[in-house]
Amino acid sequence: MRLVVGEGSCGLAAGAGKVHTKLDELFGASNPVNAEVTITGCIGMCFLEPIVDIYEDDGTLHRLVKLTEEDAQTIYDAVVSGDLSKVKDLEITDEDASFLSQQTRIALRNCGIINPMSLDEYVAAGGYDALSKILKDGMTQDEVIEEIDVSGLKGRGGAGFSTAFKWRAAKASEGTEKYLICNADEGDPGAFMDRAVIEGDPHTLIEGMLIGAYAIGAQEAIVYVRAEYPLAIVRLENAIKEATERGYLGDNILGSNFSCKMRIKAGAGAFVCGEETALIESLEGKRGMPRLKPPFPAQSGFWFKPSNINNVETYANVAWIIKNGGAAFAAMGTEESKGTKVFALTGKIKRGGLVEIPMGKTLREVIYDIGGGIRDDKEFKAVQLGGPSGGCIPAELLDTVIDYKQLGATGAIMGSGGMVVMDESTCMVGMAKFFLDFTAKESCGKCIHCRIGTKRMLEILDRIVKGEGEEGDIEKLEELCYAIKDGALCGLGQTAPNPVLTTIKYFRDECEAHIKDKKCPAGECVNLITYSIDKDKCIGCSACSRQCPTNAISGQVKSPFTIDADACIKCGNCKTVCKFGAIVVD
Amino acid sequence: MGCCMEKQSDLSLIRETLDHYKNIPGSLIAILQKAQDIYGYLPVDVIYHIAEETGVAPAKVMGVATFYTQFRLQPVGKYLIMLCQGTACHVNGSELIESAIKDELGIADGETTEDGLFTLKNVACLGCCSLSPVMMINGETYGSLTPDKTKNILRELAKEGGAKE
Ligand SMILES: Cc1cc2nc3c(=O)[nH]c(=O)nc-3n(C[C@H](O)[C@H](O)[C@H](O)COP(=O)(O)O)c2cc1C
Ligand code: FES
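Residue numbers (numbering that gives the first Met the number 0), protein chains in the order written: chain A, 0 to 585; chain B, 0 to 164.
It is worth saying that the hints were derived from the structure and are not from the lab. The model shown is predicted, which means the values in this text are computed figures rather than measured ones. Don't be surprised by glycine CBs; every beta carbon is placed ideally from N, CA and C. Hints should not be assumed to be uniformly reliable.
Pair by pair, the computed Cβ-Cβ distance ranges are [said to hold, decoys possible]:
(1) B:138 / A:79: 50 to 58 Å
(2) A:302 / B:107: 22 to 30 Å
(3) B:161 / A:471: 29 to 37 Å
(4) A:478 / B:15: 25 to 33 Å
Under the rule of at most 27 Å between Cα atoms (straight-line distance), these lysine-lysine pairs were calculated in the DSSO-like manner [said to hold, decoys possible]:
(5) A:170 / A:85
(6) B:33 / A:578
(7) B:158 / A:445
(8) A:518 / A:536
(9) A:17 / B:33
(10) B:158 / A:440
(11) B:148 / B:120
(12) A:85 / A:132
(13) B:148 / A:349
(14) A:260 / B:150
(15) A:569 / B:120
(16) B:21 / A:465
(17) A:17 / B:77
(18) A:17 / B:21
(19) B:21 / B:77
(20) A:518 / A:475
(21) A:377 / B:158
(22) B:59 / A:17
(23) B:21 / A:440
(24) B:101 / B:158
(25) B:21 / A:240
(26) A:240 / B:158
(27) A:292 / B:150
(28) A:445 / A:285
(29) B:59 / A:574
(30) B:148 / A:65
(31) B:21 / B:33
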């Protein structure tokens, strides 16, 4: 019997480590059935963490969810007695299990299944087969690139550029000193696909990168990981060490003429470093400011040598494609976008986590069928794709098909995979301001359009949410948006207006309500709302007045309370604690 | 150099790091990261020392140190609260958590409590979005926060940290 604890960062944050320690204690003291306790990366069902999978010897899986430290004893008793009906109450429901069964996992094929700290488990799952196929059966560089071309794989980092095209360009570049780089900066706040891949299946990344390095002729590979992912760095370091010891990395890999070493570079916190040329500057130890393109990295990249740079998820598909053939990958998806895409589904969603689906599904299928719809049965309002470079897609476009072209047509973008769902209580103007605040802070300052343009936009949005919006503000914003899009040096500035443009396009009414009526329909902008108590609903329990930090709420117990509007700081504490829905926000 | 500095740092602590990266070009960020690990922040005299040893102009070293949000030029409290202000956390109420922290500790983003116990820093996405709102304190992640839960966590830490002082 094998017990596998889901230990991605998210599982650990939910308390998986404590469950694991407890299990270790119990089985350490006495283990009559020789059960093994190990770990795996993020299973992707973050809404059910902490999770422990029990595999019986015949392979039958019992997935136990939402565990606490105390449940460890129950699990132990069940395992030791051999009577797994004892953990029946902890098992995942069929409904929740459908979160996974509706997915098609390629990039995440091993995540949540194998132990990320074990090369043996990766190999047992068919890992490094693709690399052997290339090196032992003698696929040429061009044959590898051709296979990727057939697959139709496009970059998963956001821009969706053809991977084969980039590899071909890097291979064709003059010179013998070339670099292969992985972009694991994952800057979109609200996205964690790349973290999950590295934490859950680091060898998939290594194998994909090695295949890329072989194809373009690079002898050195570098993974640029963002600073906020310490666990990913630990697991990847271990994987690189193990792979090197076992001859999958280093000189004469698997006895061939191909040599390649790999190292990790930890980022230091700057969103713009996700942009490929800024990332290269950062790798060279400088301020991460983008370079002018062309020349593209394929011609002149790291230390001005030909370099290829791809996203984590892009590389995570590569070994699968080589092993199963490009055509098998291309068989999934739409005419325009092939294969699968991983999304990090979060926000006001019932079932949040990692979702990998074939291109061509609709947003509705992901949000409702897989994600289970909106939490607390509220109204769906919008879904944000592409983070600070993307936009908010409204309810009427929920049937939009997920592929690069059709998502792009909405004004949002596919992006790297962040999918943040919002309900009626989220203010869309506030959301636009949130992203502008982010881009204005993260703008590197090299070009004026981005540095000053985003600041001016932020000032206007700030006025609007404060109730100081003026007639003509929307037009002024639009003008700035187009000027910044045209004038900015890099993708950060060029796409920074997208959140604002989609908000104006789809939520113009809400913008105008802020400007003209000085109202926030979502009830979020503190300057535009007032709190009051519905006398008919209030039973006078005094819960709200005890939570009020400014003592603005008063009354007699058992009769309706009132709020002193002048003293109210609109913190929302009262609304959170009121069990009777008596707090009215207007 | 060093004339008007308040505090002298023990520069020998960074010797090994400087030697290690001596012949690896482009290592400035890695050196600064190590330095921050060692000193807890980047003291000015250490920045000058790194500049001298690596041959990079002090202004450039300072340029890099101020470009990246990870680097600090001031010491931080015993507990560094990294409060996520990413999209998912924002949608799920990270602002309420921020006011709870302000309420409890009386510090805003970037500030340290007078007793030197807590520093608050807003960050963008800790990658645990499904548990939003989220904060990380000295490497430990706390998810699904509510204002009350946050205050309790801080009180626990204050008790622990204060006791060991
Ligand atoms: C501001 C900005 C931030 C970016 N952040 C990321 C990122 O975090 N991860 C990523 O893979 N690509 C990011 N990109 C895209 C990269 O520049 C580049 O297109 C990508 O890494 C190429 O890999 P791919 O072809 O596999 O997608 C960003 C681009 C811009 C303009
Ligand atoms: S948005 Fe807060 S952890 Fe991702």
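Practice item. Could you see if the CB distance from residue 478 of chain A to residue 15 of chain B stays within 25 to 33 Å? Key: With Cβ atoms ~55 Å apart, the hint is violated.
Point to revise | Pair hint residue 260 of chain A and residue 150 of chain B, alpha-carbon separation not exceeding 27 Å | key: Judged against 27 Å, a Cα distance of about 47 Å means the pair is violated.
**Study point:** 27 Å Cα cutoff - pair residue 21 of chain B, residue 77 of chain B
**Key:** violated, 32 Å
Review point. Between residue 85 of chain A and residue 132 of chain A, does the CA-CA distance stay at or below 27 Å?
Key: violated, 46 Å
Practice item. Would you mind confirming whether the straight-line C-alpha gap from residue 17 of chain A to residue 33 of chain B stays at or under 27 Å? Key: Given pair residue 17 of chain A, residue 33 of chain B is violated - Cα atoms ~30 Å apart, limit 27 Å.
**Study point:** Hint consistency between residue 569 of chain A and residue 120 of chain B [alpha-carbon to alpha-carbon, up to 27 Å]
**Key:** Since the Cα atoms of residue 569 of chain A and residue 120 of chain B sit roughly 23 Å apart, the hinted pair holds (cutoff 27 Å).
Exercise for review: Take the C-alpha atoms of residue 59 of chain B and residue 574 of chain A, compute the straight-line distance between them, and say whether it is at most 27 Å.
Suggested key: Distance of about 50 Å is beyond 27 Å: violated.
Point to revise | residue 21 of chain B paired with residue 240 of chain A [C-alpha distance capped at 27 Å] | key: Within the cut-off at roughly 23 Å; holds.
Exercise for review: Take the C-alpha atoms of residue 170 of chain A and residue 85 of chain A, compute the straight-line distance between them, and say whether it is at most 27 Å.
Suggested key: violated, 58 Å
**Study point:** C-beta pair residue 161 of chain B, residue 471 of chain A: status relative to the range 29 to 37 Å that was hinted
**Key:** Since residue 161 of chain B and residue 471 of chain A have Cβ atoms about 55 Å apart, the given range 29 to 37 Å is violated.
Check your understanding: Is it true that the CA of residue 148 of chain B sits at most 27 Å from the CA of residue 65 of chain A?
Key -> holds, 19 Å
Check your understanding: Do the Cβ positions of residue 302 of chain A and residue 107 of chain B conform to the proposed distance bound of 22 to 30 Å?
Key -> At roughly 42 Å between Cβ atoms, residue 107 of chain B and residue 302 of chain A fall outside 22 to 30 Å, so the hint is violated.
Of the numbered hints listed earlier, those contradicted by the structure are 1, 2, 3, 4, 5, 6, 7, 9, 10, 12, 14, 16, 18, 19, 21, 22, 23, 26, 27, 29.
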